Amino acid sequence: MALQKTCLVTGCSAGGVGAAFVEAFKNKGYHVFATARSPSKIPQPLHDAPNVTILALDVTSAESIAAALVEVQKKTSKLDVLINNAGLGLNMPGLDTSLEEAKGLFNLNFFGALAMMQAFGPLLVAAKGCVVNNSSVGGVFNFPFSSIYNASKAALIQGGETWRLEMAPLGVRVMTLVTGGIATNFFVNIQTLIFPENSYYKPIKDIIEENPEENPYGQKPDAFAQDVLQRVERGATGKQWVGGGAGVARFGLWLMPQGAIVSLSLNHGQLAFELWLIVSEITG
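So in the UniProt record's numbering, spot 55 of the sequence shown is number 55, and the numbers just go up one at a time.
If you are wondering where the hints come from, they were derived from the structure by calculation, not from laboratory data.
Keep in mind it's a predicted model, so treat the numbers as computed, not measured.
Glycine included, C-beta positions come from ideal geometry on N, C-alpha and C.
Pairs of lysine-lysine, PhoX-like flavour, derived with a Cα cap of 25 Å:
#1 K239 with K220
#2 K128 with K28
#3 K128 with K75
#4 K26 with K78
#5 K26 with K128
#6 K28 with K220
Computed beta-carbon distance windows for the label pairs:
#7 D206 with P169: 46 to 56 Å
#8 Q230 with S199: 39 to 49 Å
#9 A223 with Y200: 40 to 50 Å
Construct the complete structure from the given sequences, taking the supplied hints into account.
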């Protein structure tokens, strides 16, 4: 009899895609380790599910990762799927973002995934398993005022594609999700820093801070998670364009010249006009 497959998902708070990943994989028969910095934020039905183990896990803490590894090893000697989903957004001009906040975001969005892969590497190799890194179309498109977030996701894409080559000889697949719109609380939870008094961007502070209550291009989390599950099950590897609008974004990136892509990014949130006004005021 085949042993039950196992999966670990980071960032499983209610309202996010992590919880949807747990639902999809548990329904497929996996034993799922659902993790979050605050386990109480994980939906209660997952606490009650017989094939789900709830664990506290902060991917920016080496001690927390080590403790989670010990708990996982009590139940299994292998890990079939590691989903690095924990992450956070940030809206702030690069000139106004503190280095402390920028490094903190990289620690979560990029180094957290690397730390998890290193810690659980032996279990993944034992299972000939799969790493799934949840990146973003923001790692490909230059959306203004999201430079640190975009850069952290671009690093995850580049890192993931390189890790894919490095881990293939060990029998481990690495998938990098270039994720489009998902109907979650992402925009509600996105953090915006306090503007310095001398910021050039104070005239459009309200626009930068404004986030839609829901993503107009958002795919439902359960449909998104099911799509990813199917890709894992059929042995996919490398970059996977998933989520609302991702396919169109991929086609546009291939089809459009760079100037058109920049124009499209600037028009996001009427920023082209507003930025033009700022530049005019600053330069006279």
